[in-house]
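K.L.:
The residues making up each chain are set out below.
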Amino acid sequence: MPDNTTSSAAEMPQFSMPDFPPLVSAQPDPAWPLGQWCQFILLRYMQDLLAQREVVWRNEQVEGVHQIRVSARRLRTALQTFHALWEPAQVRKHSRYLAEFADTFGVARDLDVMIIYLDSQLHGAHRERRAALNWMLESKRRLRLAQQPELEEALRRLEADEYPRRFVELFSSKPFDIRSGGGQP
Amino acid sequence: MKARPIDSLDSGQGVRSQLPEIFVIRMNELWDLSRHMQFEDRVTELHDMRIAAKRLRYCFEFFEPLFADGFKAHLKQFKQLQDFLGEIHDCDVWVDYLRDELKLAMQELSTLRRELDQHFGASQGLAESARRMEEQFREGPVSGLLRMLTELTQRRRELYQQLLIFWQGLEEQGFQQQLARDVAEAASQSERTDSGDAPRPEDA
Numbered sequence: 001m002p003d004n005t006t007s008s009a010a011e012m013p014q015f016s017m018p019d020f021p022p023l024v025s026a027q028p029d030p031a032w033p034l035g036q037w038c039q040f041i042l043l044r045y046m047q048d049l050l051a052q053r054e055v056v057w058r059n060e061q062v063e064g065v066h067q068i069r070v071s072a073r074r075l076r077t078a079l080q081t082f083h084a085l086w087e088p089a090q091v092r093k094h095s096r097y098l099a100e101f102a103d104t105f106g107v108a109r110d111l112d113v114m115i116i117y118l119d120s121q122l123h124g125a126h127r128e129r130r131a132a133l134n135w136m137l138e139s140k141r142r143l144r145l146a147q148q149p150e151l152e153e154a155l156r157r158l159e160a161d162e163y164p165r166r167f168v169e170l171f172s173s174k175p176f177d178i179r180s181g182g183g184q185p
Numbered sequence: 001m002k003a004r005p006i007d008s009l010d011s012g013q014g015v016r017s018q019l020p021e022i023f024v025i026r027m028n029e030l031w032d033l034s035r036h037m038q039f040e041d042r043v044t045e046l047h048d049m050r051i052a053a054k055r056l057r058y059c060f061e062f063f064e065p066l067f068a069d070g071f072k073a074h075l076k077q078f079k080q081l082q083d084f085l086g087e088i089h090d091c092d093v094w095v096d097y098l099r100d101e102l103k104l105a106m107q108e109l110s111t112l113r114r115e116l117d118q119h120f121g122a123s124q125g126l127a128e129s130a131r132r133m134e135e136q137f138r139e140g141p142v143s144g145l146l147r148m149l150t151e152l153t154q155r156r157r158e159l160y161q162q163l164l165i166f167w168q169g170l171e172e173q174g175f176q177q178q179l180a181r182d183v184a185e186a187a188s189q190s191e192r193t194d195s196g197d198a199p200r201p202e203d204a
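Line by line, the protein sequences are chains A and B.
Counting from 1, position 159 in the first sequence corresponds to residue 159 in the working numbering; the numbering is continuous, with no gaps.
Counting from 1, position 117 in the second sequence corresponds to residue 117 in the working numbering; the numbering is continuous, with no gaps.
It is possible that part of the hints are untrue.
[Claimed, not checked] As a list, the in silico DSSO-like pairs of lysine-lysine whose alpha-carbon atoms are at most 30 Å apart:
id, chain 1, residue 1, chain 2, residue 2
1, A, K93, B, K2
2, A, K93, B, K54
3, A, K174, A, K93
4, B, K54, B, K79
5, B, K72, B, K2
6, A, K174, B, K2
7, B, K54, B, K76
8, B, K54, A, K174
[Claimed, not checked] Covered stretches of chain A, as calculated for chain B (at least 3 residues, CB under 8 Å):
id, segment
9, 142-154
10, 158-165
Just so you know, these hints were derived from the structure itself, not from any lab.
Just so it is clear, the structure is predicted and the values come from calculations on it, not from any experiment.
All C-beta atoms, glycine included, are put in the ideal place defined by N, C-alpha and C.
Please model the complete structure; the sequences and the hints are all you need to start from.
P.N.:
Now the structure itself:
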């Protein structure tokens, strides 16, 4: 689907990809202990999130914003649900970070959905309705365009904070050390 | 709405045996909120219910490989529930956007109206200002926005009625009990115990 605005003029940074443990590419094993299962979930969703960075930056497909937001929210839900497996302060820190990150993309996503809907309503709309649809479309496109630098800033910050590396480091080592391929019971 | 904490999970114990604890809390979170469903205007509570449904669905997805095949059909029904709640929430959010747009459109009209006061007598300038304002009335977004507001509230009402029927259907088929059975079944499957070296908890 084409984008709703235009692509960014800002130069895309070189996004880093942390070293994920090989286990993340495997099928989850029902024999794993809960801790390992949860590490797998967190790392898998982080991988999904990171895979969308370029799509979001290029602003060529609205799906990228949706997917990155969904991944961030799944991560947050997983942290909330399995919080007892890690130190509370660590969980709180990551949960907050991810919530903020997801919120930034939430505004853009809402606008994307609205623009798609309004656009779809234009065809065959009555004159009176068309005026309102055009008015709203113009306003939402303007807002969405203004939102793009915010998304880019969120992605830049993620990189500057070395968040992916720190996240992978923590959740590859706790509660189990699965960095070297990690066996299972 | 804050997620209810699940405090007594054990990282070293098997996944299956801890499923009931996780799902009892997340399912109760949702079903406790369902008492608000009979009140159409409880916008916040219906939104909370949507969040609780999403949280529960994510949990099912986290552990999907552990569930039997028949569970997929239940997950599909669950998705439908989320769709209803999601669309109702969209309507509640969109009316705010529409109101904001209406405010802006009215400000534009108000500016044009003030222009009428700038002229003295029945001047050509006044005629021109009046024509611009009349055009804005006719071609501008105000009446369309008002119509959309009405349509959106109507749409919400329809969705709400559909949600009630759908929920009633779920209750009649014992959906909550079905999900609880799915969880119990997944939990009772045997766990393999000899598939290699187990990683040990760092603090063990």
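K.L.:
Work down the list of hints and note, for each, if the structure agrees.
P.N.:
Evaluated hints:
1. K93(A) - K2(B): holds (16 Å)
2. K93(A) - K54(B): holds (22 Å)
3. K174(A) - K93(A): Status holds; Cα separation ~15 Å.
4. K54(B) - K79(B): Measuring from Cα to Cα gives roughly 9 Å; hence the hint holds.
5. K72(B) - K2(B): holds (27 Å)
6. K174(A) - K2(B): holds (25 Å)
7. K54(B) - K76(B): Between K54(B) and K76(B) the Cα gap is close to 13 Å, so the pair holds against 30 Å.
8. K54(B) - K174(A): holds (27 Å)
9. 142-154: Not satisfied, violated; 0 residues make the cut.
10. 158-165: violated (count 0)
Checked against the numbered hints above, the structure breaks hints 9 and 10 and satisfies the rest.
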